[in-house]
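Asks: Sequence:
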Amino acid sequence: MSCEATVTTAKATPAGQSRGICWMIGLAVIVRLLASLNWPDNMSRDLDAYLGLARSLFDGAGFCTPGTNQPTAFRPPLYPLLLALTLPLQVMGRQLLHAALGGLSILWLDRSARALGLSTRSRLVAALLLACDPLLVWYSTFPMTESLCTTLSAWLLARVTTQADRPASSPAWTGAVFGLCVLARPTYWAYGGLLGLWVFWQQMSSTNQWQNFARRCLWALLGLALVVVPWVVRNAIVFGRPVLMTTHGGYTLLLANNPRFYSEVVQQPWGTTWQGASLAEWTEELEQEMRQAGVAGELARDRWHGARAKKFIAEHPGEFAQASWHRIRMFWNIVPSGEAAAPFPRLVLLLVGLLYASYWLASLLGLSRVMWSPHWSHWMPIVLLVVAFTCVHALYWSNMRLRAPALPATAMLAGAALMSVTQKVGKLEKP
94 MSCEATVTTA KATPAGQSRG ICWMIGLAVI VRLLASLNWP DNMSRDLDAY LGLARSLFDG
154 AGFCTPGTNQ PTAFRPPLYP LLLALTLPLQ VMGRQLLHAA LGGLSILWLD RSARALGLST
214 RSRLVAALLL ACDPLLVWYS TFPMTESLCT TLSAWLLARV TTQADRPASS PAWTGAVFGL
274 CVLARPTYWA YGGLLGLWVF WQQMSSTNQW QNFARRCLWA LLGLALVVVP WVVRNAIVFG
334 RPVLMTTHGG YTLLLANNPR FYSEVVQQPW GTTWQGASLA EWTEELEQEM RQAGVAGELA
394 RDRWHGARAK KFIAEHPGEF AQASWHRIRM FWNIVPSGEA AAPFPRLVLL LVGLLYASYW
454 LASLLGLSRV MWSPHWSHWM PIVLLVVAFT CVHALYWSNM RLRAPALPAT AMLAGAALMS
514 VTQKVGKLEK P
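This note's numbering applies: residue 94 is where the sequence shown begins, and numbers increase by one.
Think of the hints as simulated: they come from the structure by calculation, not from any bench.
We treat Cβ as the ideally placed atom computed from N, Cα and C, and that holds for glycine.
Be aware that a few hints might be false.
[Unchecked claim] Computed beta-carbon distance windows for the label pairs:
hint, residue 1, residue 2, range
1, Val480, Met185, 34 to 42 Å
2, Leu189, Met297, 19 to 27 Å
3, Met297, Glu378, 44 to 52 Å
4, Ser137, Ala435, 28 to 36 Å
5, Leu442, Gly369, 41 to 49 Å
6, Trp291, Ala414, 23 to 31 Å
7, Glu408, Leu311, 42 to 50 Å
8, Glu408, Cys484, 21 to 29 Å
9, Gly286, Gly390, 47 to 55 Å
10, Gly286, Ala400, 17 to 25 Å
11, Met185, Thr376, 32 to 40 Å
12, Ser451, Thr376, 32 to 40 Å
Start from the sequences and build out the full structure, keeping to the hints where you can.
Replies: Structural data, given as structure tokens:
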């Protein structure tokens, strides 16, 4: 699919196009390195225990709860494995890893944008949005998964949008990339489900042979299995039961669906966050209840958390609906709030808010642009990524940083809007 201007313009040369993207890759790397140098202490703040898991792996103790020899599946394994490789270089290793991931995200974003036919200018704008996204730049200074997941999303979209031009066995590589995604953040399973349904629906309405379709599906599943099965087998060995995702899901579901969150966040003025003494008190109450109920072990705790959350949802459907809408707004919020906003002056927050407000408007314009085009189906893998992550975080815990995996998609949608406005594009055409 390609977007062509109805006005006559000089097309950029291949050398000029490559030069522009190289500049954007360099910009992404430099911005992240500068941010990590400006906030050097952030890379040692182990907010989600990924650094502790990496040290456990590096020391030969295995994937264990930090400070213990107790095997865990509370966090997905891919990011700690990568962090473990950087430990000999200490903080600099993590800084270089995140800078490299930023550059790779631009490279793969451009491949998707080319496959979708965005003009050189639109591709550069999409790359600029991803390279300088305030949220991505800020969280690139922490040992957290935002940098990795953004890059994996860009890689996966590059595979999916160019799949038709690849050999029959190529879906195995796409399946393997998807496997890496789910080992970095299990939320990708929702995207895989939606994308699988969409691909099947497309096959139902096409004239392609079912035998060829089945062969490509089997290749994709093989690639996925080769990446994910070792994690499942490992969990079956150490826990006595296979765990496909993590033992973290029940907790994040309960964290977003409980009376305290509803009364202290949802019913409060917009921008109120749940933190500090109240959150600590709630957590301690849960621990006491589990001890009294004899709940022990990660699997049992995960089931208990999930059951508690589902009970609240079933008994309070109205509150759940209000909280879901609140979580969607938290997910796409234009400015950080609470502790996340503390490091920044008011002027910086204002500029960030103006940037994201303009960004989301451009993405919505681009969405309407591509969905009204004759070949809107080419953009469905992009749109479904946004839909999947939004829906999951309408149910589970939500905040701004959790949208990082969807940002390659929103950047390309914003790029499509630019072509519509500045170049008066008449229609989207197949190449």
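Asks: Next step is simple, just say for each hint if it's right about the structure.
Replies: Now the hints, each set against the structure:
1. Val480 x Met185: 34 to 42 Å: holds, 38 Å
2. Leu189 x Met297: 19 to 27 Å: violated, 47 Å
3. Met297 x Glu378: 44 to 52 Å: holds, 50 Å
4. Ser137 x Ala435: 28 to 36 Å: Since Ser137 and Ala435 have Cβ atoms about 18 Å apart, the given range 28 to 36 Å is violated.
5. Leu442 x Gly369: 41 to 49 Å: Between Leu442 and Gly369, where Cβ atoms are some 20 Å apart, the hint is violated.
6. Trp291 x Ala414: 23 to 31 Å: holds, 27 Å
7. Glu408 x Leu311: 42 to 50 Å: holds, 44 Å
8. Glu408 x Cys484: 21 to 29 Å: holds, 22 Å
9. Gly286 x Gly390: 47 to 55 Å: violated, 29 Å
10. Gly286 x Ala400: 17 to 25 Å: holds, 23 Å
11. Met185 x Thr376: 32 to 40 Å: holds, 34 Å
12. Ser451 x Thr376: 32 to 40 Å: Given about 38 Å between the Cβ atoms, the range holds.
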